[in-house]
Amino acid sequence: MDLVLQLLFTGLGIGAIYALVALGFVLIFRATNVVNFAQGEFSMVAAYLMVVFAVDLGWPYWLSFLLAIGGMALLGAIFNLGVYYPLRNRTFLPVIISTIGASIFLANTVLALYGPQPQVLPGWFDTPGVQFGPVYLDSQYLLIIAVTIALVAFQYWFFEHTLLGKKLQATSQDKEMAALLGIPVARMIMITFVYSAVLGGIAGILVAPILFVSIQMGSTIALKAFAATIIGGFGDVAGAIIGGLALGVIETFGAAYISVPYKDAFAFLVLILFLAFRPRGLFGERVAEKA
Amino acid sequence: MSAARAAARAASGLFGSVVGHGLYAILAITAVGCAATVKTDGYFANILMQAATYAIAVFGLSVVLGLCGQINLAQAAFFALGAYAVGLGTADYHIPFWICLAAGMAIAFASGGLLGLSTLRLGGHYLAMVTISFQQILTVVLLNAVWLTHGPDGVSSIKRPDLFAQGQAYLALAVAVLAITGYVVWRLANTRLGRAMRAVRDNEIAASAAGIDVYRTKVAAFAICAALGGLGGGLFAGGFAYVSPDQFAFSDSIVFLTMALLGGVASPVGSVIGTGLLILIPEWLRFLKSVPGLYLAIYGLAVIFIVVFMSDGIWGFIAGMFRRPATAPARPARSLVLKPADSGAPIALEVRRLAKYFGGLKAVDGVDLTVRRGGVHALIGPNGSGKTTMLNVVSGLYRPTAGRILVDGVDATALSAHRRTIAGLGRTFQNIRLFRSMTALENVVIGAERDGNTQVEDGHAATVERARAALEFVGLGDRYGDLVTSFSYGHQRLIEIARALAGNPTVLLLDEPAAGLNSSEKKFLHDLLDKIAAQGLTILIIDHDMTLVAGVARHLTVLNFGRRIADGDTVDVLRQPDVVAAYLGAQ
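Quick mapping for you: the protein sequence lines, in order, are chains A and B.
Numbering-wise (numbering that gives the first Met the number 0), the first sequence opens with residue 0 and increments by one.
Numbering-wise (numbering that gives the first Met the number 0), the second sequence opens with residue 0 and increments by one.
Hints were generated in silico from the structure; no laboratory data involved.
Heads up, a few of these hints could be off.
[As the list claims (entries may be wrong)] Short, incomplete list of chain B residues facing chain A, as computed with Cβ under 8 Å:
id, residue
1, A127
2, I179
3, V290
4, A296
[What the hints assert, rightly or not] Computed Cβ-Cβ distance ranges for the label pairs, DEER-style:
id, chain 1, residue 1, chain 2, residue 2, range
5, A, D173, B, L147, 32 to 38 Å
6, A, P127, B, K288, 54 to 60 Å
7, A, Y60, B, Y92, 53 to 59 Å
8, A, I209, B, A35, 54 to 60 Å
9, A, Y60, B, M309, 32 to 38 Å
10, A, Q116, B, K288, 30 to 36 Å
11, A, F276, B, V145, 50 to 56 Å
12, A, E175, B, R285, 47 to 53 Å
Predicted model, so just to flag it, every value in this text is computed and none were measured.
Every residue gets a Cβ at the ideal spot worked out from N, C-alpha and C, and that includes glycine.
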């Protein structure tokens with residue numbers, strides 16, 4: 000029982016990371032109707048930025064964090080202008096291919112600059128964690144869960160209770176109508192990309208002390224996050240969060256009770272099962288294309 | 000129809016123009032001859048071997064991506080399946096090379112098919128992510144299932160067939176296989192299956208309305224792509240006698256994709272150009288490989304640049320400059336034969352208590368509709384009365400909430416859209432849905448190829464003949480070779496009608512055909528509908544233009560708020576007070 004609780008805690012922590020990245024997927028998907036296959040790379044780049052600022056240069060953790068987040072905002076903007084915007088009027092296929100190109104480019108540019116050795120990023124807190132009854136609560140996992148809750152709450156408030164949030168929602172639901180109502184659609188999409196890059200960046204910085212900081216971390220996280228969005232129902236915000244958490248838990252239990260080397264295969268298995276039996280996910284419902 | 004006949008129909012079109020084939024044969028024989036005789040050093044021979052085997056896999060991508068518009072980010076995994084089948088089969092289990100090669104192709108074909116079956120009902124994003132997953136899982140398995148795959152050590156001392164044991168002979172074999180697969184892929188575009196793939200790529204809804212099984216077509220494209228990957232991989236394993244997991248990573252799938260995109264996915268020529276360039280260029284830029292990552296970073300950037308600035312690839316760009324103008328028809332088209340009014344039971348289409356709810360909205364709420372054979376039946380009603388929803392339910396795009404639909408007396412309620420087309424429904428769309436990359440004739444040929452079209456059972460020539468007749472019938476016979484995008488809006492509507500007519504439907508469903516037409520185009524449409532009706536074909540038409548409706552329709556059904564408020568002879572119905580009220584408002 001103790002082990003189960005411990006695994007549940009760890010699983011929720013990892014799942015929160017998937018949920019954050021999945022949220023980035025969903026936001027961009029809703030704004031542009033394309034999946035950004037470089038979403039995981041945002042996490043990877045942010046983690047490397049943290050390594051540069053906090054480890055290599057030895058700057059304070061909070062300052063490094065702010066700089067890394069600023070860097071991600073910039074990357075999100077450049078990404079929008081270079082990868083999405085020129086293709087905005089084409090079908091989704093060229094955009095997918097373009098974001099995959101961007102993903103390869105980002106991962107390998109970091110590889111060229113930083114070499115293949117995985118890096119270590121220390122956690123935010125000096126205290127490793129606290130014992131809470133039978134469960135050991137690792138401080139970094141606690142932080143991840145807390146930040147995820149805070150970000151989800153912020154996002155809810157932002158989209159439901161601010162004018163900018165409403166405009167973003169309008170853009171994601173009907174770009175043409177939004178434009179006719181005077182909403183600057185291009186700027187809204189820009190904001191979405193910047194916000195998604197920041198979201199992915201925060202996830203990367205939070206998870207980096209748990210995993211090694213490596214070139215592969217982006218694609219691994221992205222794959223899991225995408226599986227999470229399918230489990231939750233594609234394009235659904237609550238679904239992405241619950242799907243992420245569920246996947247983290249499934250994977251942690253799978254690794255503990257079934258097999259460690261094939262840990263990464265569980266996400267794929269769950270993905271296939273959902274695609275085969277419940278392709279709309281737990282919450283999603285897509286409307287048929289209008290003929 | 001027998002399977003052999005179906006296969007013959009699917010393959011008809013493989014043999015087209017004589018000049019093109021002659022050129023291709025000469026080129027292919029020269030290439031194989033050179034590969035077999037010209038002495039090269041080992042380094043260059045290796046590059047050629049790699050290029051030839053890779054290009055076969057890239058042909059696969061030109062099928063799935065170029066013809067069918069679906070993405071595959073796991074071609075290196077399918078390549079690996081072929082390579083490991085030949086590697087493990089010949090080295091560990093001493094099975095003859097040819098059997099291993101065939102088995103590798105079969106395994107790749109089956110995995111591609113299964114992957115497609117699980118995903119292709121959904122959008123392209125799912126396919127992209129699932130193929131990435133498959134690629135990564137396969138790499139994990141190749142590395143960890145050491146008992147089978149030797150893990151990271153890879154498989155060595157892979158055998159070749161005895162006849163081709165010598166390096167030069169084997170290279171000639173690879174080039175010959177390349178030439179043959181290239182030929183098949185080249186001609187595939189103009190077969191029935193190839194046209195179906197292109198139709199799916201251009202417009203899935205229109206493809207299913209033309210009687211194409213969209214899902215099966217996509218799965219077929221995907222499985223063919225995977226099988227070509229397996230074939231290339233098997234030849235690769237024999238060529239290099241050694242394979243290891245790191246040769247077939249995700250990055251290699253991206254390399255395959257880049258090769259296809261750079262050359263141009265529309266043609267196997269593009270595949271060869273792209274593959275050749277992307278194997279030669281890195282050899283010239285070997286120094287880049289000294290910095291890990293730099294080389295792939297440039298690949299990634301190249302992908303973005305190609306997609307943004309050169310979406311058709313190198314060959315697409317070159318071929319675009321030499322697009323041949325259509326030649327005038329040598330002989331006039333025959334006249335179009337449609338289903339006469341006495342071709343069956345008196346009721347052609349029957350709808351009973353049909354309902355379609357969207358959540359709480361009752362778009363269609365228990366409507367009965369009986370369309371008599373040989374007449375023009377109009378379905379009218381104010382905006383939002385449920386007309387188009389009704390048509391979409393009848394043609395199978397929406398599932399009904401309740402009710403039954405009988406086409407020609409046969410219950411079609413459970414059939415998918417393309418099966419209803421096969422059962423005898425033909426339709427057009429309110430917002431025109433043509434296959435936009437194709438010519439007018441190709442669009443109409445796809446309509447004529449409907450399974451169950453009794454008018455075209457004598458093979459491809461008869462199909463083309465019927466398509467030309469249908470275009471002639473709508474007055475566009477002399478422009479058959481033009482791309483549909485070069486036609487005016489009104490003419491595009493006519494092509495859509497011709498596409499539906501070519502399939503020889505039992506009932507023709509027209510969804511607001513007059514919408515957006517000017518007065519002379521409307522006049523032409525009116526005359527065309529009279530001409531169709533004169534042959535006795537049953538028509539169910541939706542339109543707002545009362546002059547048109549009152550002029551062509553004998554029978555009228557009026558909907559309002561999803562319910563039938565009137566039904567009967569046109570003249571009588573138009574006099575009913577509630578119909579007048581629904582249209583003009585109560586007095």
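Now for the hints, and whether the structure bears them out:
The beta carbon of B:A127 comes within 5 Å of a beta carbon in chain A, closer than 8 Å, and the hint placing it at the interface holds. Given hint, B:I179 at the interface with chain A, is violated; its Cβ is 29 Å from that chain's nearest Cβ, farther than 8 Å. The interface hint given for B:V290 holds, since its Cβ lies 5 Å from the closest Cβ of chain A, which is under the 8 Å cut-off. For B:A296, the suggested interface contact is upheld, since its CB lies about 4 Å from the closest CB of chain A, less than 8 Å.
Range check, A:D173 to B:L147: about 53 Å between beta-carbon atoms, so the 32 to 38 Å window is missed. Our hint of 54 to 60 Å for A:P127 and B:K288 is violated, since their Cβ atoms are close to 42 Å apart. Distance hint check for A:Y60 and B:Y92: the Cβ-Cβ separation is about 57 Å, which falls inside the suggested range of 53 to 59 Å. Checking the proposed 54 to 60 Å range against A:I209 and B:A35 shows it holds: the Cβ atoms sit about 58 Å from each other.
Between A:Y60 and B:M309, the C-beta spacing of about 45 Å breaks the proposed range 32 to 38 Å. Distance hint check for A:Q116 and B:K288: the Cβ-Cβ separation is about 18 Å, which falls outside the suggested range of 30 to 36 Å. Separation of A:F276 from B:V145 is about 33 Å and departs from the stated range, judged on CB atoms against 50 to 56 Å. A beta carbon spacing of about 50 Å between A:E175 and B:R285 agrees with the range 47 to 53 Å that was offered as a hint.
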